[in-house]
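Chemist: These are the residues of each chain, in order.
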Amino acid sequence: MMPDLAQQQSAKLVLLGEMGSGKSSLVLRFVKGQFFDYQESTIGAAFLTKPLPEYNVKFEIWDTAGQERYHSLAPMYYRGAAAAIIVYDVTSADSFVRAKNWVKELQRTGNANMIMALAGNKADLVKGDSSSRQVPTEEARAYADEHGLYFVETSAKEATNVDELFEEIAKRLPKAEVPRQSSGSVPLEQTQPAQASSSKCCS
Amino acid sequence: MSTADPEGSRTAFELNAVHQRRDQSRVTSVGVDGDGQRLYIGLDAGVLEEHRLMQTPSGIVARFSARRSVSKKGVVGICLLSAVNRLAALTEDGHVVLCELEQLEPVEIQKLKGATCLAVEVSSRSPSHLAVAVRLGSRKSRVDVYEVFPGAASGHTMREPARLLVEYPVPDEVKDLVWVGQQLVLCLHRTYKVIKADGLRDLLEPSTTPMCTALASANVAVLLWEDTMAVVADADGQAARPPLNLPAKPLRLMQGGMCIVAVCEGGDIHIYDQGTSRLLQRIPFPVNGFMNPDDPSQPQLFHADTPTGACVVLASPRRIWILRPVAPDNQAQQLLRGRSYAAALELAEQCSAKGEPWVPIFYAQAGLLLLQDFRWREAIECLEHCSIEVFQPCELFPLFPAWTEKWAEQVPLKDYWGLHGGLITLEKMVGVGRRYSYGGESPSADPVGISSSEMDRGPGKPSTSARDKHLLEAKQQIASYLLSVRRRAGVRLMDGIDTLIVHLLANVGDAGRLEDFLASPQQVVLLDVEQQLLDMGRPHALALLVSSHRAAARALDLWQRMANSQIKEKPARLGGAVSQAGGDATKVAKYHAAKLLAEEEDVDDELVLRHLVWLRDLAPLRFLQVVKARSLVADAVLGLLPQQPLALRWRYLDHLTTSGQTLKPQHHTELALVLVQAILEAEAQSTTETAQKDSAVVSAVLGSHTYQSKSSTEESSRGDAASSKAANPDVAAVGRYDEPDELPATSEAELHSVLQSHLHKSHLYDVLRVLRAVESTKLYKEQVILYCRLCDHPRALRVLAVTLREVGSAIAYCKQHGGQDGFLTLLEMLLHPGDGQQPMYTEACMVLNAESGNLDPMRVLEALSEDMPLQLANATLARMLRERIHRRRQTRIVAKLHRSRELLSRAEKYELQSTIKGRAVVTDESRCAVCFNPLAGRIFYVYPSSSMVCATCQRGFREGREQEDDSD
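Quick note, the sequences are listed as chains A and B, same order.
One point on numbering: in this note's numbering, the residue at position 201 of the first sequence is 209, and numbering is uninterrupted.
One point on numbering: in this note's numbering, the residue at position 377 of the second sequence is 379, and numbering is uninterrupted.
Calculated directly from the structure, the hints in this document are not laboratory data.
No residue lacks a Cβ here, since even glycine has one placed at the ideal position from N, Cα and C.
Worth double-checking, as some hints may not be accurate.
Negatives, chain B to chain A, calculated, CB over 12 angstroms [to be verified]:
{"id": "1", "residue": "V234"}
{"id": "2", "residue": "P245"}
{"id": "3", "residue": "D470"}
{"id": "4", "residue": "R490"}
{"id": "5", "residue": "Q818"}
{"id": "6", "residue": "R929"}
{"id": "7", "residue": "G939"}
One side of the interface only, derived from the structure: several residues of chain A facing chain B at Cβ under 8 angstroms [claimed, not checked]:
{"id": "8", "residue": "G52"}
{"id": "9", "residue": "A53"}
{"id": "10", "residue": "A54"}
{"id": "11", "residue": "L60"}
{"id": "12", "residue": "Y63"}
{"id": "13", "residue": "M84"}
{"id": "14", "residue": "T117"}
{"id": "15", "residue": "L181"}
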């Protein structure tokens, strides 16, 4: 039986990567099963949700903008994320370099328990003709193994390994996420200078 | 609202000019209470005015209520502290004045100078927290947090209206500050910071001048990140909503209703949905008309909002406007009118979480509209959201008047928001085409594969194929809806709903769901659907229906006719039992008839017996299942079972006897006789087959080509059948219908086993009659059982040992029944088998080996004939002899041992006697060892231990011993 939606575990998932690497296409393929040849650039970030009842998980997906000018916004999206997918384009060596930088940044500043996946997108472009491939699968896999990332080559266009990628993350999520700590409040117990000064007067 | 507005746009807010200053004073700040009922205006002369906001037919107007001078300088900021019934006013000279709302009597917060901005924590608790930013220098500030107490009007007796709780130094100028929940977010010169326990923490570094507002209901803040983009984040710096894409740099950001309001450069007010950050509305607003003469780049624009979102106030120095949110249900109606279903559903979902009462009505209305737009699946999803109190499933009856006519007058007539204009028949609806050529969103992916060109014929008629697809999809979806909601409590006209479900499912050829539905409890009106089911070739569904109406006889008749191919089940479009059975309606009929006969207790025996006749011929195994499941009169069932074939008869008799249902000797005897007959027939058949095989071998030798050819054809046809079964999953997954109907073949050995078991276990059969039947046959083991039952052990042994030559069995038989005589009889039988047979010396030796220890050697020797070869019996006889010798020797040893013990006893006795004679000395002082009386002159006894006892005591001992002996 399908679990109650209210009991589903919410998991924040963020997609990071070079502009044009196909982050939005991957998300759109996964969430809506759609693909557009000309996907508009994401401005800031996009937010989508997708429940996976079989894994008792509801993904809250933040699809970030890849443009460099939005880089400083990224921490807002990966902060508190349970999982991150770092996307690169298999036909662009630069995008792979950028992906490595994202991995470094997440390892440095992100959640230590974050599940990270490396997705080499646009695999359809190198399926018949490997001449356009700039990132060898072995190299990416070795990098992923070295850094403890789940690695898969995907094609949002042909829906190759897209569901598998998200499902693998869902499988790796801890069963019950530790509830987020309360944001707290303004500390109001500081020494009160007003009172201090008045006592000074009376002394 | 422009036609070029994005999808989902609507009138979410209405802008009303509510106040125009007619005196010389200028507005320098505004405030509004939580309910949006009272407007507070701060003026440049240090005056505070209160106005009541009134709703009139012509719109909202502000009516003057009170006025109070609170400062010598202008009032540049107003914050409402509703929980403590106060207002905080920031004056141009950096002071903060607290006023009670009723009297507006000002009290200045002491020792506070240089205040630049205020923020009130959104909370209903008292005292309230007021944060004040204080400028200390060019790049230095401080944030003070005060506790503000209720005024004297509230019965509060505190001397001071506010008490400083804490102050935080800030190494920059604080431009603005907002409470996000219980945390303070500061807009500094080039950054946003949040006050945490460990000090100030960076939140975000924008690429433009910071500007922010809090969304109190969500505990998040809207932070301007670049001129045309604002992010929505919580106080921990985590994104909470998608960013807002602004058309121009905002002048003010506010919250209102369920929206974010931005007044942007260029003059428009932009309304964004709080949940999705999608632009909902654009309202022209001429900000250029009130530019600041001191700073022409900035307009003189003041604003106020409320945590509840009741309204937003905008003000120029001379005029004030109120932005009031349109009621969400009105927004939803507007969206539905424009067929912006996705946006409308999004809005309803947000309001549903807040428990808005109009949401169920919305879903009913949206569902009905979606039906009219042929968006069947979405329509049904909406209707499923409605509670039964709001939308009764029978309200869909007008779509199918031909099938629901009799309930028409009982259907509640509701127009909800009056947007759908009532339902017409589905046929007409689809025939006419979509009701609206709407400018809203396009239909979602069509599940029935209708091309968009077909869908978008607009108000014109759809093509015939599209029409048929629409009808099919509509009926399927409505049937699904009715099936899912009919179980809910409070559903009216259940009989009509169930009847409609049958019509719909039969009409779309969904035999699978139709049969499942009819097999479950329902209230279908049989008369209404009976003919349709027959006409549409659904006799099985009809049989299930009549069976559920306790008309078992009718159901069984239908299945009988199906099984005899008198009525046909038409191929279904979706599922169905016949489809599961690979198209074989007979299998289905047999299965269900047998199930009903076996399980339905209300079916009388006469009806069962009547239908067992055809079941016997078409499905003997199911016949057997039925008769085993029911307690029928055995003779009546046996009357249905002919003598040939015997399998069914003996199985039924076997069931009767083993289950203890019959104690009649005739049934027990008949079972034995029928089994005997079955075995004999099987033997005969096996003989014939062997002969045929031999003949086939000869033929094969003579013409191998022909034989091989035939064989390969058979193989090939078997292969084809297998591959066809694998290719067709329906055939592969026939499931319950795949169970065999025919009785499984029983081997001769199994028949023997059943007969022997019966002969062993039953004591009710006529032994002699059965024996007569088997005597002249090769059923030797059965003969043994019968002879044994007659205690004719020699004959039983003869069959075992001589006929069957199973000496082991004969020995076992002897051990169980024969004893020594039996063994000797067996030995005799083996040595003298008679009928010209040679003596079976080896077997005889086996008998001797098995039982030699217990047999009398003399009788054995007498039994052994002189002709018996000695070498065969040598070992056995030698052993018997050795054993006899051993036994004799053992006896002699025992005798000798007894003799030796006797001699020892005698020796001991004599020794004692000699001891007593030599040692007895009695003096005057000698006394009896028992009574201690002197022994002198008296008769006494001496024990071997030299103890002397008087005669009296000795007599007492002796008598006592004798008594003990007697008792032993």
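Chemist: Run every hint past the structure and note whether it holds.
Modeler: Cross-check of the supplied hints:
| no. | hint | in the structure |
| --- | --- | --- |
| 1 | V234 | violated (9 angstroms) |
| 2 | P245 | violated (3 angstroms) |
| 3 | D470 | holds (27 angstroms) |
| 4 | R490 | holds (18 angstroms) |
| 5 | Q818 | holds (60 angstroms) |
| 6 | R929 | holds (102 angstroms) |
| 7 | G939 | holds (112 angstroms) |
| 8 | G52 | holds (3 angstroms) |
| 9 | A53 | holds (6 angstroms) |
| 10 | A54 | holds (6 angstroms) |
| 11 | L60 | violated (20 angstroms) |
| 12 | Y63 | violated (23 angstroms) |
| 13 | M84 | holds (4 angstroms) |
| 14 | T117 | violated (12 angstroms) |
| 15 | L181 | violated (18 angstroms) |
Comparing the model with each numbered hint stated earlier shows that hints 1, 2, 11, 12, 14 and 15 do not hold.
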